[in-house]
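J.: Taking the hints into account, I'd like the entire structure generated from these sequences.
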Amino acid sequence: MRLPVLLAALVAVATCTETFFGHQVLRVVPQSDEELQKVQELQDLEHLQLDFWLAPRGLGVPIDIRVPFPSLQAVKAHLEAGGVPYSIMIEDVQALLDEEQAQMLRSSRQLPLNTDTFNYEAYHTIEEIYSFMDLLVAENPNLVSKLEIGRSTENRPLYVLKFSTGGTNRPAIWIDTGIHSREWVTQASGVWFAKKIVQDHANNEGVASILETMDIFLEIITNPDGFAFTHTKNRLWRKTRSKHSGSICVGVDPNRNWDAGFGEAGASSNPCTETYHGPYPNSEPEVKSIVDFVKSHGNIKAFISIHSYSQLLLYPYGYTTTPVPDQQELDEVSAKAVAALSSLYGTKYKYGSIITTIYRASGGTIDWTYNQGIKYSFTFELRDTGRYGFLLPAKQILPTAEETWLALKVIMEHARDNLY
Amino acid sequence: IPESGHKYYLQFSTEDYRTGEDAGNCLATVLYPKKKSPPVVSIKCSHTKDQKEIQEEDNRLYQRIRHQNKPVTANNIPDSYGHIEPALEPVWALAVAGSSSIMWEKSTETLGYSLAQVKSVRQWIRKDDFTEFDYTVLLHETPTQEIISCHLRLTWLPGHPLRVKHFCAPQSRAGDEGSGAESGSAAGPAAAKGANF
Numbered sequence: 011m012r013l014p015v016l017l018a019a020l021v022a023v024a025t026c027t028e029t030f031f032g033h034q035v036l037r038v039v040p041q042s043d044e045e046l047q048k049v050q051e052l053q054d055l056e057h058l059q060l061d062f063w064l065a066p067r068g069l070g071v072p073i074d075i076r077v078p079f080p081s082l083q084a085v086k087a088h089l090e091a092g093g094v095p096y097s098i099m100i101e102d103v104q105a106l107l108d109e110e111q112a113q114m115l116r117s118s119r120q121l122p123l124n125t126d127t128f129n130y131e132a133y134h135t136i137e138e139i140y141s142f143m144d145l146l147v148a149e150n151p152n153l154v155s156k157l158e159i160g161r162s163t164e165n166r167p168l169y170v171l172k173f174s175t176g177g178t179n180r181p182a183i184w185i186d187t188g189i190h191s192r193e194w195v196t197q198a199s200g201v202w203f204a205k206k207i208v209q210d211h212a213n214n215e216g217v218a219s220i221l222e223t224m225d226i227f228l229e230i231i232t233n234p235d236g237f238a239f240t241h242t243k244n245r246l247w248r249k250t251r252s253k254h255s256g257s258i259c260v261g262v263d264p265n266r267n268w269d270a271g272f273g274e275a276g277a278s279s280n281p282c283t284e285t286y287h288g289p290y291p292n293s294e295p296e297v298k299s300i301v302d303f304v305k306s307h308g309n310i311k312a313f314i315s316i317h318s319y320s321q322l323l324l325y326p327y328g329y330t331t332t333p334v335p336d337q338q339e340l341d342e343v344s345a346k347a348v349a350a351l352s353s354l355y356g357t358k359y360k361y362g363s364i365i366t367t368i369y370r371a372s373g374g375t376i377d378w379t380y381n382q383g384i385k386y387s388f389t390f391e392l393r394d395t396g397r398y399g400f401l402l403p404a405k406q407i408l409p410t411a412e413e414t415w416l417a418l419k420v421i422m423e424h425a426r427d428n429l430y
Numbered sequence: 444i445p446e447s448g449h450k451y452y453l454q455f456s457t458e459d460y461r462t463g464e465d466a467g468n469c470l471a472t473v474l475y476p477k478k479k480s481p482p483v484v485s486i487k488c489s490h491t492k493d494q495k496e497i498q499e500e501d502n503r504l505y506q507r508i509r510h511q512n513k514p515v516t517a518n519n520i521p522d523s524y525g526h527i528e529p530a531l532e533p534v535w536a537l538a539v540a541g542s543s544s545i546m547w548e549k550s551t552e553t554l555g556y557s558l559a560q561v562k563s564v565r566q567w568i569r570k571d572d573f574t575e576f577d578y579t580v581l582l583h584e585t586p587t588q589e590i591i592s593c594h595l596r597l598t599w600l601p602g603h604p605l606r607v608k609h610f611c612a613p614q615s616r617a618g619d620e621g622s623g624a625e626s627g628s629a630a631g632p633a634a635a636k637g638a639n640f
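Chains as they are written, first to last, in the working numbering: chain P, 11 to 430; chain E, 444 to 640.
Source of the hints: derived by calculation from the structure; they are not laboratory data.
Certain hints may be false.
[As the list claims (entries may be wrong)] Straight-line distance between alpha carbons at most 27 Å, and here's what the computed DSSO-like set of lysine-lysine pairs gives:
hint : chain 1 : residue 1 : chain 2 : residue 2
1    : P       : Lys253    : P       : Lys243
2    : E       : Lys608    : E       : Lys562
3    : P       : Lys360    : E       : Lys450
4    : E       : Lys562    : P       : Lys243
5    : P       : Lys48     : P       : Lys205
6    : P       : Lys358    : E       : Lys487
7    : P       : Lys360    : P       : Lys346
8    : P       : Lys360    : E       : Lys549
9    : P       : Lys360    : E       : Lys487
10   : P       : Lys358    : E       : Lys492
11   : E       : Lys608    : E       : Lys479
12   : P       : Lys206    : P       : Lys311
13   : E       : Lys513    : E       : Lys570
14   : P       : Lys419    : P       : Lys156
15   : P       : Lys253    : P       : Lys205
16   : P       : Lys358    : P       : Lys346
17   : E       : Lys549    : E       : Lys450
18   : P       : Lys305    : P       : Lys405
19   : P       : Lys86     : E       : Lys570
20   : E       : Lys562    : P       : Lys405
21   : E       : Lys570    : E       : Lys608
22   : P       : Lys405    : P       : Lys205
23   : P       : Lys405    : P       : Lys360
24   : P       : Lys206    : P       : Lys172
Here the structure is a predicted model, which is why all the values come from computation and not from measurement.
T.: This is the structure in structure tokens:
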């Protein structure tokens, strides 16, 4: 079809100065010399500013004319008075251009053939990320494997990537992204982290040394039902998509559903709210599967759960003002991690315990993991601080992932050097 | 302050919403009285821009809006991918300013807001020189994490304070202090300077 090429050319023009609000593309297929002549008469009327996409060539051959809005009435009157039938091929050129533009932004999301051609600077759908995971495993079978730790409420698989150079049940680091589905920069960063781990290992730098003695587990889409919903119905959906009896409202806040201060102040018992803790701890399969995994693994030494936005690095507790016994150490590690993060682009982060830094929150992930004995339990709140909030522009994905990775490395290295 | 309420002393820097440039520092005190009522605020700011610069920027913004061939209508600014069409930036900028007036009125000692997204905008053409817009804006409320939908009607002409009327949809929360119709027009300190982006 010629149209896309022509449209692409128009887009190039459109992005400079011209706009095409209200312009229409009319098609005439002249069946007689008189009809042909009537159209050719239009070509001579320069003031109409007509743009012939398909110039008159002969009888029975289509003529396509882009007509600027101010000339529409005159052109149509001329054709109708001359008894020349025409059809409106494009009702509003600008609308089509806008759609094309949007599509071009999305086109970088065609399924890639390998993880080197994958577009890390764009937001992706579930299918694209699952495809990425499979590609990563296929390209690095000796380092990466994909585990299914459970199924979501809507029966989507809960996949975790395992990065391991061997051993048996080595001490491990856990990272999860996307537990709150609307926090898109986190899943996008998770994808980048996965690739980064593989690259570091291949180049024997960065986390390669960590992988000598530890395993890394990465759950990129921790809340797939919510994530799918943000793509199809509501971009600002946060919770899971479970329905519990007794309410018409859907979803439980997966970061209030853990068994640490469950149901206490800092969560809501109202199913229609965003911080609804659920009917009981681990009611959500997305949460339960991680709980089961952590317990059966038994050797996780660092647990990092990633959210956005606010630019914070947090450690437990959220459900109580009582400081954790390891408060001082966690605070020192946080200070180092935040300094490393800021060193890249100057992004400012604050750090501290959840309850003193943001607000009281009960039933949270890292409060539970800390109480399980995972000392290095941290939560990140990534960019930004509210200007774009959840709708962080795609061009910030890369810098966000890069700077966050520096902080993650500080935590991982500290865990490696201080095994307990 | 015993018997009186809570008083906060704030020192903060500001930046241009559009460019991120430093826009001055402020010193403020905020007193939340013991009984429920709006806080008492005193504030003093330093400015990095002079009146003339601000006026010029406002005029440029105004011209960009007036220059459109037809009344602006749009949805989802930014879109899901955080993208804002350059042609829609001025319209978004006005929404930011107008929303700040809603947030100013709604915020409490324990509830804060951010503009999550402009869900829709529709421009009304007026016979006079004022620009007028109807918005649906989504506010992100902390710490509840709720998304509040508000209708915002805004008129503006450079050199005049932003005139804002708003109505936020009541939340379906049990035990919520039934928020009814809220509307107000604002001419706060930021508005008095006109849009400063």
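J.: Which constraints among the numbered hints does this structure fail? Numbers only, ascending.
T.: 5, 15, 18 and 19
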